[in-house]
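S.K.: Start from the sequences and build out the full structure, keeping to the hints where you can.
In the numbering used here, each residue carries its 1-based index in the sequence shown increased by 332.
Simulated from the structure, these hints should not be mistaken for lab results. These numbers come from a predicted model, not from an experiment. You may find that some hints are simply not true.
Simulated crosslink set (DSBU-like; lysine-lysine; CA at most 35 Å straight-line) [said to hold, decoys possible]:
1) K446 / K351
2) K725 / K343
3) K584 / K544
4) K446 / K347
With beta-carbon atoms standing in for the labels, derived distance ranges [unchecked claim]:
5) K521 / V612: 51 to 59 Å
6) S451 / G338: 40 to 48 Å
7) P441 / N487: 41 to 49 Å
8) I720 / W611: 42 to 50 Å
9) K521 / T701: 53 to 61 Å
10) P659 / V377: 40 to 48 Å
11) K521 / G560: 41 to 49 Å
12) G519 / K347: 54 to 62 Å
13) Q520 / L397: 48 to 56 Å
14) D541 / K584: 30 to 38 Å
15) D541 / D425: 52 to 60 Å
16) S335 / N402: 45 to 53 Å
Think of the CB as a built atom: it goes at the ideal place given N, C-alpha and C, for glycine as much as any other residue.
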Amino acid sequence: GISVLGDALAKKRAKISFKAAFTPRAPRSDINDLLVGVNLMESRVYIVHVNPDSGLTIFSVAKHLGMMTNGYVWIATDWLPSVLDSSESVDPDTMDLLQGVVAFRRHTPDSDLKRSFTSRWKNFKNKETSSFNSYALYAYDSVWLVARALDNFFNEGGNISFSNDPKLLDTNRSTLHLNSLRIFNEGQKLLQILLTMNFTGLAGPIQFDPEKNLIHPAFDILNIGGTGSRRIGYWTNYSGLSFVAPEILYKKPPNTSASNQHLYSVIWPGETTTKPRGWVFPNNGKPLRIAVPYRATFKEFVNKDQSSPGVRGFCIDVFEAAVNLLPYPVPRTYILYGDGLRNPSQNNLIIDVAQNKYDAGVGDIIIVTNRTKVVDFTQPYMESGLVIVASVKAIKSSAWAFLKPFTVEMWCVTGAFFLFVGAVVWILEHRM
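M.R.: Here you go:
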């Protein structure tokens with residue numbers, strides 16, 4: 333559910349900003365008030381995980397409030413495809429509410445068994461619905477799962493018997509009559525048989541892992557547009573996002589790298605293929621808190637300033653130039669980090685940003701491996717390293733330029749050594 337989504341987002345250093353809850357079958361006015369409040373926040377990505385009886389009302393109210401236009405992202409869980417698949421034809425007015433919505437549907441692979449069942453279903457008469465969804469396929473397989481398990485249970489000599497459960501205690505004021513309930517005595521044995529079943533049903537392979545979950549779970553990712561929906565890819569916990577069918581991917585080694593995550597193009601609300609930013613600055617929001625190291629040395633990079641915005645330096649100029657290129661305003665306030673008497677610890681600043689004490693940091697902050705594991709860095713705009721600074725002098729060419737490598741004293745010493753060596757050689761030659 334939503335808690336699992338929150339855990340998955342936490343691994344990506346993200347979080348659910350707000351959970352908007354309402355009662356089942358809530359009136360339209362309550363949903364309207366709820367969406368008005370949500371629209372004042374910064375997030376423009378909405379996950380709709382509700383009961384089918386309220387889901388379409390949410391989209392109707394959202395369209396009325398102008399929240400189904402450019403810049404918004406609406407993602408619906410599998411309740412929405414279940415509603416749409418249960419009807420042979422969907423009302424055009426309903427489809428008009430859902431333009432650009434992305435939805436997830438439980439994946440059921442195509443097979444001869446499924447096509448045969450679909451053909452036989454269409455021949456039924458006097459049925460309330462003219463189609464069925466993925467839950468109907470799983471319900472059909474569940475009946476066969478229990479039937480096969482009971483068959484194995486009886487073949488192993490099991491028998492059906494019930495008894496009272498001492499845990500179900502009835503109270504004097506209770507009207508539930510829990511003491512009339514009975515439990516299946518061989519329930520644990522039947523459960524173990526169920527968990528060992530292995531067959532192929534309408535929804536695909538029916539087999540359970542050690543944690544009692546179905547193996548190979550997968551979802552179709554749908555994009556609703558026009559008068560229907562189109563499949564833009566699949567999701568599995570085996571290989572992540574892909575436009576290759578899961579039954580084909582399971583035959584290959586797993587690959588969840590970011591470069592392998594692909595989907596077909598999405599038509600977002602507002603009939604655009606441009607990926608929405610997913611957020612805006614809220615009307616009642618606070619400006620970004622940007623920490624700036626208050627250094628004692630190399631103040632050309634960042635330094636305190638008496639005028640607005642309170643800081644100056646090369647790093648501030650680069651950041652301001654980048655912000656001014658954005659097509660939207662970015663309210664921000666600079667906060668000095670340190671006392672200016674000594675250079676503050678960059679590691680401590682990184683930790684404070686990771687702990688949300690600040691929203692960002694601007695300065696001559698060195699990018700190293702252990703820091704990239706806790707915060708995100710921009711592209712480096714200045715290389716660090718050893719730099720040699722030397723003065724530049726204008727030198728005129730001269731015939732005596734060969735004398736410049738040494739000083740006059742050095743040349744005198746060198747000449748004296750030549751004379752000394754020559755004299756020694758002359759003396760040795762004449763003595764012989």
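S.K.: Evaluate each hint against the coordinates.
M.R.: Comparing the hints with the structure gives:
1. K446 / K351: violated, 38 Å
2. K725 / K343: This hinted pair is violated, its Cα atoms lying about 58 Å apart.
3. K584 / K544: holds, 24 Å
4. K446 / K347: violated, 39 Å
5. K521 / V612: 51 to 59 Å: About 58 Å separates the Cβ atoms of K521 and V612, which means 51 to 59 Å holds.
6. S451 / G338: 40 to 48 Å: The hinted range 40 to 48 Å holds for S451 and G338, with Cβ atoms some 43 Å apart.
7. P441 / N487: 41 to 49 Å: violated, 30 Å
8. I720 / W611: 42 to 50 Å: Distance hint for I720, W611 holds at roughly 46 Å.
9. K521 / T701: 53 to 61 Å: Given a distance of about 54 Å, which is inside 53 to 61 Å, the answer is holds.
10. P659 / V377: 40 to 48 Å: violated, 19 Å
11. K521 / G560: 41 to 49 Å: Hint holds: Cβ distance 47 Å, inside 41 to 49 Å.
12. G519 / K347: 54 to 62 Å: violated, 41 Å
13. Q520 / L397: 48 to 56 Å: Holds - the Cβ-Cβ distance for Q520 and L397, about 53 Å, lies within 48 to 56 Å.
14. D541 / K584: 30 to 38 Å: violated, 20 Å
15. D541 / D425: 52 to 60 Å: violated, 43 Å
16. S335 / N402: 45 to 53 Å: Violated - the Cβ-Cβ distance for S335 and N402, about 31 Å, lies outside 45 to 53 Å.
Checked against the numbered hints listed earlier, the structure breaks hints 1, 2, 4, 7, 10, 12, 14, 15 and 16; every other hint is satisfied.
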